[in-house]
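Colleague: Starting from the known structure of chain A, arrange chain B on it as the hints suggest.
There are 2 protein chains.
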Amino acid sequence: MRYERKMILDPNMMPTREGVLRAACKIAEILPPTPLLPIKIGGVSCWVKAEVLQPVGAFKIRGGWHRLSDLGAEERARGVVAVSSGNHAQGVAWAAQRLGIPATIVMPRNAPEVKIAATRALGAEVVLYERPGEDRDEVAARLIALSGATLVHAFADAWVIEGQGSAGIEIAAQLGCEPSRVVAPCGGGGLAAGLALACPQSAIVPVEPEGWDMVGQSLAKGEIVRVASDAPATICDALQPPATRPINLAVLSGRADPGVTVSDEEVRAAQRFAFSRLHLVVEPGGAAALAAALAGKVALDAQTVIMLTGGNVDPAQYAQTIATSN
Amino acid sequence: MRYERKMILDPNMMPTREGVLRAACKIAEILPPTPLLPIKIGGVSCWVKAEVLQPVGAFKIRGGWHRLSDLGAEERARGVVAVSSGNHAQGVAWAAQRLGIPATIVMPRNAPEVKIAATRALGAEVVLYERPGEDRDEVAARLIALSGATLVHAFADAWVIEGQGSAGIEIAAQLGCEPSRVVAPCGGGGLAAGLALACPQSAIVPVEPEGWDMVGQSLAKGEIVRVASDAPATICDALQPPATRPINLAVLSGRADPGVTVSDEEVRAAQRFAFSRLHLVVEPGGAAALAAALAGKVALDAQTVIMLTGGNVDPAQYAQTIATSN
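Protein chains in written order, with the working numbering: chain A, 1 to 326; chain B, 1001 to 1326.
Next up, chain A with everything else stripped away, as it sits in the complex (with noise of 0.2 Å):
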């Protein structure tokens, strides 16, 4: 198997289930495990990952916790760049803080207010891109030009995947055994791969919102498909990378489900869903998985868990959603 060696930051490293395993000794250290907890859906018994009560509300604090503690004194003196719509933003910038290490993230100008404010909160310089307009690669590519910082890339990323992982050795921790199947929002594919190495035996179903399922599309087409340039907007703004990238393709393939895509309508059930049962807030990317649940879309058992990922909403958007009746 071939990769983009480009895109890795470390040309020799690759993701793999010992380096999940390092990275849910290192997170055990600093953050409790989120619970697990069962829920009932069409009368079947499972479980969901409350990823959202993470400090910075999203499980991407893993990856950067992973990837952050594990650079060296120069590259941390040099700072990090990330690129992200928020939550991403937030793990990169919650480990920087905690380390000292500067941290630029660039952001969308349309992302959710709640995360913008929320990485500057956490001590972060936030630079605004345009949506859709910019390349925010490119953004991203000329202040490591002018720094030398560290790309933390959100997905294609060996420690950010590995990462991400970590919540798959805890749900094996805390179920007993390895799940049946672990049922994922999916963005560009980092928490799917992360989850396939941590649970070997599990089945990884990634779920994306319609019109920008391209991890499904890449996995059933055996190469890297692009979100068409009149892809359908969608509520779920963590979730709209423009492509997955190879690293996460090569960990998934043959070891995830492609095809299942949600609404905007099943995803504001899901969050619904959340509030009355669950009391937990979750934001619409983070609530995609759960809302293929509640929608019949994939399997479930007494071994499935379903990742709410996400719970960082505008205020308003969330009241609108709430406020509508099921």
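To be clear, the hints were calculated from the coordinates, so they are not data collected in a lab.
Even glycine gets a Cβ: it sits at the ideal position worked out from N, Cα and C.
Warning: the hint list may mix true and false statements.
[Claimed, not checked] Derived BS3-like pairs: lysine-lysine, alpha-carbon spacing no greater than 30 Å straight-line:
1. Lys297(A) to Lys221(A)
2. Lys297(A) to Lys40(A)
3. Lys1221(B) to Lys1297(B)
4. Lys26(A) to Lys1040(B)
5. Lys1297(B) to Lys1040(B)
6. Lys1026(B) to Lys40(A)
[Claimed, not checked] FRET-style restraints, in silico, Cβ to Cβ:
7. Ala121(A) to Ala1220(B): 36 to 44 Å
8. Leu31(A) to Leu1021(B): 25 to 33 Å
9. Ala73(A) to Gln1097(B): 58 to 66 Å
10. Arg120(A) to Pro1132(B): 47 to 55 Å
11. Ser1045(B) to Ala173(A): 21 to 29 Å
12. Ala73(A) to Ala1173(B): 36 to 44 Å
13. Pro1032(B) to Asp301(A): 15 to 23 Å
14. Glu125(A) to Ala1299(B): 34 to 42 Å
Modeller: Chain B alone, transformed into the frame defined by chain A:
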């Protein structure tokens, strides 16, 4: 110390620390501990106990389970009756459904619709009364006279107090020591009394809505003080019993700090804080302790625990609270 024995189901039964420990063991068999989550308030790190993550969205499941699971076969056959604005209703209904016990719940007609619906969904029969106007205890007494059912009082009941106290045992296990201080929303004083028994070294700080601080006033005066007939409206529907009872006052006397009250606006600010920082849905009454902490009304330190006791709130009311800017 004298007790009004008629208020106690078994005249020989008083709540004890041993009873709290027994309740904690029973509850650990069926419910995982709710998470103790770190938060920072005004630069001080402390903890919240997320009881909103209980299956019925409130700590009341503890007392309901401890009481009902101790009933004998004959008592179970005759059923139980409870009087509740909603969370105790769901706690008792949940336990009754699990144990196959018929449950009738007397609820105020103006209780949040979500609480009435959830109680019915758990298989309980709901009898509505007018608040104020009808005496809810008389409604319950009439039902009991007909069926011979057992009354499960929301707070003036030794088992219920012991059951609620199990939260304190969990907290001490999670912290690795007894907390310095437990700040808890307070209605009739069942939870506060249970926590006082569970954590003999901890300061217990009950927090009540402005104008409804009859536990605080009763503690200050050394006798039962009823809420004034012209008490102001409060959004804390869960914290509105007309008076505490001797069994609660007896346990709390000399153990709890009186005098902490919160306004509706402070409660709403706490609900917004829980939404944006913790990603937890908290109902008004469940946010009272957090409101007091955020308003600087209680001392905080690294071993202070703030109880988030309930998350059952009507979506429209919650949407309005969240959409209002801080």
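Colleague: Looking back at the numbered hints, which does the structure fail to meet, lowest number first?
Modeller: none
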